[in-house]
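**Q** Those protein sequences? They're chains A and B, same order as listed.
Take the position in the first sequence, starting the count at 1, then add 588; the result is the number in the working numbering.
Take the position in the second sequence, starting the count at 1, then add 62; the result is the number in the working numbering.
Keep in mind that a hint or two might mislead.
Unchecked claim - Subject to a maximum C-alpha distance of 20 Å in a straight line, what follows is the list of computed EDC-like cross-link-like pairs (lysine to aspartate or glutamate):
id, chain 1, residue 1, chain 2, residue 2
1, B, Lys438, A, Glu665
2, B, Lys438, A, Asp646
3, A, Lys670, B, Glu345
4, B, Lys361, A, Glu665
5, A, Lys731, B, Glu345
In short, the hints are calculated from the structure, not lab data.
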Amino acid sequence: MSEIIEVQNVSKSYWRDSLEISVLHNISLKVNEGEFLALMGPSGSGKTTLLNLIAGIDRPTKGKLIVAGTDIAALGESALAKWRAASVGFVFQFYNLIPVLTAFENVELPLLLTKLSKAERRKHVEDTLEIVGLGDRIHHYPKQLSGGQEQRVAIARAIVTDPVLLVADEPTGDLDRASAEEILTLMERLNKEFKKTIMMVTHDPHAAQRARIIRHLEKGDLTEGVEYENIKANI
Amino acid sequence: MRILKLIYKNTLRHKLRSSLTILGIAIAVIAFGLLRTVVTAWSVGVEAAAADRLITRHSVSFIFPLPYSYKEKIERIPGVAEVSFSNWFGGVYKDKNNFFARMAVADNIFDAYPEYEVPKDQLDVYNKERNSCVVGKDIASKYNFKLGDIITMEGDIYPGQWDFVVRGIYQPKYKTTDGTQMFFHWEYLNERMTKEMPGRANDVGWYIIKIKDPSQSATISEKVDALFKNSTAETKTETERAFNQGFLASTGAIITAMNVMSFMIIGIIMLVLGNTMIMASRERTREYAVFKTLGFSGKHMIGLILGESMFIACLGSFAGLLLVFPIVGSFEKFIPKTFFPVFYIEPITLILAVSAALFIGIAASIFPIQRVLNTKIVEGFRFVG
Numbered sequence: 589m590s591e592i593i594e595v596q597n598v599s600k601s602y603w604r605d606s607l608e609i610s611v612l613h614n615i616s617l618k619v620n621e622g623e624f625l626a627l628m629g630p631s632g633s634g635k636t637t638l639l640n641l642i643a644g645i646d647r648p649t650k651g652k653l654i655v656a657g658t659d660i661a662a663l664g665e666s667a668l669a670k671w672r673a674a675s676v677g678f679v680f681q682f683y684n685l686i687p688v689l690t691a692f693e694n695v696e697l698p699l700l701l702t703k704l705s706k707a708e709r710r711k712h713v714e715d716t717l718e719i720v721g722l723g724d725r726i727h728h729y730p731k732q733l734s735g736g737q738e739q740r741v742a743i744a745r746a747i748v749t750d751p752v753l754l755v756a757d758e759p760t761g762d763l764d765r766a767s768a769e770e771i772l773t774l775m776e777r778l779n780k781e782f783k784k785t786i787m788m789v790t791h792d793p794h795a796a797q798r799a800r801i802i803r804h805l806e807k808g809d810l811t812e813g814v815e816y817e818n819i820k821a822n823i
Numbered sequence: 063m064r065i066l067k068l069i070y071k072n073t074l075r076h077k078l079r080s081s082l083t084i085l086g087i088a089i090a091v092i093a094f095g096l097l098r099t100v101v102t103a104w105s106v107g108v109e110a111a112a113a114d115r116l117i118t119r120h121s122v123s124f125i126f127p128l129p130y131s132y133k134e135k136i137e138r139i140p141g142v143a144e145v146s147f148s149n150w151f152g153g154v155y156k157d158k159n160n161f162f163a164r165m166a167v168a169d170n171i172f173d174a175y176p177e178y179e180v181p182k183d184q185l186d187v188y189n190k191e192r193n194s195c196v197v198g199k200d201i202a203s204k205y206n207f208k209l210g211d212i213i214t215m216e217g218d219i220y221p222g223q224w225d226f227v228v229r230g231i232y233q234p235k236y237k238t239t240d241g242t243q244m245f246f247h248w249e250y251l252n253e254r255m256t257k258e259m260p261g262r263a264n265d266v267g268w269y270i271i272k273i274k275d276p277s278q279s280a281t282i283s284e285k286v287d288a289l290f291k292n293s294t295a296e297t298k299t300e301t302e303r304a305f306n307q308g309f310l311a312s313t314g315a316i317i318t319a320m321n322v323m324s325f326m327i328i329g330i331i332m333l334v335l336g337n338t339m340i341m342a343s344r345e346r347t348r349e350y351a352v353f354k355t356l357g358f359s360g361k362h363m364i365g366l367i368l369g370e371s372m373f374i375a376c377l378g379s380f381a382g383l384l385l386v387f388p389i390v391g392s393f394e395k396f397i398p399k400t401f402f403p404v405f406y407i408e409p410i411t412l413i414l415a416v417s418a419a420l421f422i423g424i425a426a427s428i429f430p431i432q433r434v435l436n437t438k439i440v441e442g443f444r445f446v447g
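So here's chain A without its partners, still in its complex pose (with noise of 0.2 Å):
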């Protein structure tokens, strides 16, 4: 399998005033396509600001990031937001639904910046809300929805334009249990089925468990990778 990420010796760091604070340090990683990889650690360890490196929603301080063949850090505001429309979707800890918008109108959003039709547009808008099984309420506005509903709008809206990868931050963190296996079992369905590479960043083991590599974060640096049969073994 070919690898889908690449990062090179990364860095992060941020400015508070005049104090600079590091939260990655020369991380390298590489991920392969079709890979279901979820990121652990504690809070503050960095793993949400490897994800949006890794996305392209924010740069690295230092070091080369490669996703879907593109070197993304050195891509311009412009070229990399058409990046990031064609090539990642994203699915966020509170949904993020736009609320005047309704569930078909929130997963369209990304398709009108292609050059679909109206009619293909609903095509997929269709097909991808009964993948998330939502057929039944695509003119539902997100408050009409539950918790678990939002996060299946949102997954819907992430993987319509069919991006290569998959990035999830805490996607099961503001949900109930019932709720947390659901959105899980569809991310499951999502990288066997439908062969998406999925990069997710959770407190939960219990997520964690649906992933096929496990990741951690401490401090900034990066674990050794395992395999989720060798944790298993060890809860």
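For chain A, the structure is supplied; the task is to place chain B on it using the hints.
**A** Frame of chain A, contents of chain B only:
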């Protein structure tokens, strides 16, 4: 299309806030329209002035009369087409509050002022009778004057009782033409003055000089004034526009203040809309971060914010324009016609109001756009409003 729908939905997200902002813009447009209309009405005499008319008055003040004998001398100046004259009569019609301009005029006054359109048959009758008068259609309508009616005036500047027979009703030719005046024969006034107050006979208030070439107005004015230099009644000749502006000079500060106020209203409402847009964009900081994450560019963000701002501004200005006509109409009915003889919304006022609303829409979106464009995606997600 979806983006337009989103702009529409965003506008309606806080219905009360958006409605109050739209109402504020509408009120500003109405206030702007009303103030500009008052300013226009105030200076309508200046706007109505003809380029080919000069006014010659006493050099000290127009309240001092000039000798009638000047007429022939002025007529002989090269470039002068016609000389007419007018005399402020004053007087009281039934009650002091029934004010309208009454002028003792030369017989050729309607040649000098073709914008006062008197039907030919009425003018013929008027010219044959010494105590006849022509009234404007607005005062004819207000006081129910009809042809043949006798108007009795109590003189103040020219004491005694004066009777006039209405023989003509003039129609203002243009929107800016005053339809509230009364004209009668100067001969009628002069004959009586000759008999009763000889010292005030053969005086006219001011001369109206029609010239052949408006570009010669300065030269002819100089020639007229030179003609009567060192006489007992020296003259001051100027264009009709300058003469009318002289009347406005005393109220210039008020007009300036009203002009300033009208533009201050625009400034205030710009701040109100700006505040609305800033609040809206702050509340949607995370949403804009989502849009950027999905691949929407700065251009799209500008479109969303500017679109919403323009939508609110356009709704407000449209509502204001719809309301300004009936409100100006009511205002016109409320104030005496003789105070503002001409009171209407000029097209330029509407153009200015709409332009101001569009400008407000653009200006109010600048800060929110700048803020959204400068906010990084990760900062947007961390933002707590």
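**Q** Indicate, hint by hint, whether the structure satisfies it.
**A** Now the hints, each set against the structure:
1. B:Lys438 x A:Glu665: holds (11 Å)
2. B:Lys438 x A:Asp646: Between lysine 438 of chain B and aspartate 646 of chain A the Cα gap is close to 8 Å, so the pair holds against 20 Å.
3. A:Lys670 x B:Glu345: Outside the cut-off at roughly 26 Å; violated.
4. B:Lys361 x A:Glu665: Since the Cα atoms of lysine 361 of chain B and glutamate 665 of chain A sit roughly 12 Å apart, the hinted pair holds (cutoff 20 Å).
5. A:Lys731 x B:Glu345: holds (17 Å)
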